[in-house]
Amino acid sequence: MSGQAFVDQLNKKFGDKISGANLENLDPWIEVTPDGIVEVCKYLKEESSLAFDYLNSVTAVDYLHTDAKKAAKADWEPHIEVVYHLFSMQHKHSLVLKVIMPRWKDDQEGKLPEVPSVAGVWSTADWHEREVYDLLGVNFTDHPNMRRILCPEDWVGHPLRKDYEMPLEYHGIRGR
Amino acid sequence: MSSLIDDPRVIEFDVRTDEMLVNMGPQHPSTHGVLRLALRTDGEIISEVTPHMGYLHRCAEKIGENLTPRQWIPYTDRMDYLAAMNMNLGWALTTEKLLKYEPPEKARHLRVIICELGRIASHLVGMGTYGIDLGSFSPFLYAFREREKILDLFEEACGARLTYSYITPGGATADLPVGWTQKCLEFLDQFEPVIAEYHTLLTTNAIFIKRTANIGVMSPEMAIDFGTSGPVLRGSGISHDLRRDGEEIYTAMYDGYAFEVIAQQNGHYPKDHNYPPVPKEAVLGDCWHRFYVRMLEVMQSIDLARQGIERYHAATDGYGEPLKLKTKLPKGEVYLETECPKGQMGFYLVSDGSDIPWRTRARSSSFSNLSVCEPLCRGCLIADIPAIIGSLDIVMGEIDR
Numbered sequence: 001m002s003g004q005a006f007v008d009q010l011n012k013k014f015g016d017k018i019s020g021a022n023l024e025n026l027d028p029w030i031e032v033t034p035d036g037i038v039e040v041c042k043y044l045k046e047e048s049s050l051a052f053d054y055l056n057s058v059t060a061v062d063y064l065h066t067d068a069k070k071a072a073k074a075d076w077e078p079h080i081e082v083v084y085h086l087f088s089m090q091h092k093h094s095l096v097l098k099v100i101m102p103r104w105k106d107d108q109e110g111k112l113p114e115v116p117s118v119a120g121v122w123s124t125a126d127w128h129e130r131e132v133y134d135l136l137g138v139n140f141t142d143h144p145n146m147r148r149i150l151c152p153e154d155w156v157g158h159p160l161r162k163d164y165e166m167p168l169e170y171h172g173i174r175g176r
Numbered sequence: 001m002s003s004l005i006d007d008p009r010v011i012e013f014d015v016r017t018d019e020m021l022v023n024m025g026p027q028h029p030s031t032h033g034v035l036r037l038a039l040r041t042d043g044e045i046i047s048e049v050t051p052h053m054g055y056l057h058r059c060a061e062k063i064g065e066n067l068t069p070r071q072w073i074p075y076t077d078r079m080d081y082l083a084a085m086n087m088n089l090g091w092a093l094t095t096e097k098l099l100k101y102e103p104p105e106k107a108r109h110l111r112v113i114i115c116e117l118g119r120i121a122s123h124l125v126g127m128g129t130y131g132i133d134l135g136s137f138s139p140f141l142y143a144f145r146e147r148e149k150i151l152d153l154f155e156e157a158c159g160a161r162l163t164y165s166y167i168t169p170g171g172a173t174a175d176l177p178v179g180w181t182q183k184c185l186e187f188l189d190q191f192e193p194v195i196a197e198y199h200t201l202l203t204t205n206a207i208f209i210k211r212t213a214n215i216g217v218m219s220p221e222m223a224i225d226f227g228t229s230g231p232v233l234r235g236s237g238i239s240h241d242l243r244r245d246g247e248e249i250y251t252a253m254y255d256g257y258a259f260e261v262i263a264q265q266n267g268h269y270p271k272d273h274n275y276p277p278v279p280k281e282a283v284l285g286d287c288w289h290r291f292y293v294r295m296l297e298v299m300q301s302i303d304l305a306r307q308g309i310e311r312y313h314a315a316t317d318g319y320g321e322p323l324k325l326k327t328k329l330p331k332g333e334v335y336l337e338t339e340c341p342k343g344q345m346g347f348y349l350v351s352d353g354s355d356i357p358w359r360t361r362a363r364s365s366s367f368s369n370l371s372v373c374e375p376l377c378r379g380c381l382i383a384d385i386p387a388i389i390g391s392l393d394i395v396m397g398e399i400d401r
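Going down the list, the protein sequences come from chains A and B.
Letter by letter, the first sequence follows residues 1 to 176 in the numbering used here.
Letter by letter, the second sequence follows residues 1 to 401 in the numbering used here.
Looking at chain A on its own, in the form it has when it is part of the complex:
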């Protein structure tokens, strides 16, 4: 589903909102800028030859080496990726989209990076985005209900971030 021709076609339509692609990976992916994600998703769902009507999963990956030695060797800068897995019930094909962002908004630690929510395109995204917010600390703007879903409401931190540290104490319960 994601040959070079398809990427070119998207590039032509959305211009610099398609920021890159990796076609060598086992599941090839297409990179989209945060401000273009809703527009691109709407197109992918509504265009009848693509018809990506099913959203499998929304997740994110945190790229950060907490070890300085390893960080020096890494071939990437610290960043966070939101990954969308799409599927088409009609054509039985799938697609991976990625949004790549800095780990903190404006490089201020504690300020969560922001992506527009696609909950208006697929209802699945509602809970999946809440989970990403809860565990990885990505703020989905225009989300109908941006609350934690798995951790308690008053939990501090986002556990799946690589630099996360378990709290010492939570309501009198020893953490570590």
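Derived from the structure by calculation, the hints contain no laboratory data.
Misleading hints may appear alongside valid ones.
These stretches of chain B come out as covered by chain A in the derived footprint (C-beta under 8 Å, 3 or more residues) [to be verified]:
1) 227 to 241
2) 322 to 335
Below, a list of computed lysine to any residue pairs in the SDA-like style, where the Cα atoms sit at most 20 Å apart [to be verified]:
3) B:K271 x B:A258
4) B:K62 x A:E165
5) A:K162 x B:G353
6) A:K162 x B:W358
7) A:K162 x B:I63
Positions of the beta carbon are idealized from the N, C-alpha and C atoms, including for glycine.
Chain A is fixed; fit chain B onto it per the hints.
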């Protein structure tokens, strides 16, 4: 005030009908685990349902970032603990997809047999507990009687009764014991006629039909929009089963097997089984249809397991030795979904080239299936909530991970 009750037919007057908040759970027996539902009701009518979960959350995904794929297998057991074999398979195949490893033929058929038995066991629990949800206790005992026999078979194959860790990247931890397939065939022969009992107890039971037919009707568009999968999706009449429509690495397992996707198409279910007809009260996409799809899948799994045993004996190669505990993973990332009893379980693996994954992610089918309960329960009666939640057949261990 007395002047207001001149009319003798008026017994009550000035009744306030405020909205009420009702808390259901987290230990309500019909919530299938520790799920808490906050209901906003107007009398008996639900106006809003807010599920609260996370009581079983242990962040298995974070644990996966510190273990090799083979070491993470026991954690996948504990996600959907009612179908742990199918969970093992999902993660094993994801790892194999990244490694571009092809298990031997015998291992493939072994996996089919085991996973189809796992599917039967899971659907039996789903069926039995659904009976309890609706106030009928005996089907539960009937279901567990047969499930026990499947657990005995699993115990003989791998030593565990609930958390198996049997299917691992590479194949399985051991070959099936001598004489196991014979016992399995005997079980299947004994089990097949028993299904008629379940149909008498529940499927065609007048009370059961009254409680489930035309309740919680989900349109196909809604089912797709909310990302539901498995029997919940097929109960809405969408013919989609990853065993047929999935990725090649998964469908290769079922290559050459004769089976049809169980979903109502043009007003009919596949005709190759002997099963009771659809009652006229039932509407496509309601609780009854979701239950019915599950029951038909049990019959189909029996068929598939039989085919698997035949092919297993015909295969001459090994059962697939497990890969080394610390196998170096190539750099890259893969996502794979498999058809588990509850729905499509997806695993996402990101590797940075070492033996430990950089990121593991489990996309839970029950998680997406449960998300549909908010719109589904709106406007129904409180008594219908167990019927709707039960028909989604969720497992909290998988939702909370």
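Now for the hints, and whether the structure bears them out:
Residue count for the stretch 227 to 241 of chain B with a Cβ under 8 Å from a Cβ of chain A: 3. That meets the three needed, and the coverage hint holds. Taking a C-beta to C-beta cut-off of 8 Å, the stretch 322 to 335 of chain B contributes 4 residues in contact with chain A, enough for the three needed, and the coverage statement holds. Distance hint between B:K271 and B:A258 is fulfilled; the C-alpha atoms sit about 13 Å from each other, no more than 20 Å. A C-alpha spacing of about 12 Å is found between B:K62 and A:E165, which places the hinted pair at or below 20 Å, so the restraint holds.
Our distance criterion of 20 Å between C-alpha atoms is met by A:K162 and B:G353, whose separation comes to about 17 Å. At most 20 Å may separate the alpha-carbon atoms for a hinted pair to count; A:K162 and B:W358 meet this at roughly 10 Å. For the given pair, A:K162 sits about 12 Å from B:I63 by alpha-carbon distance, which is consistent with the 20 Å threshold.
Against the hints set out earlier in the document, no violation occurs for any number.
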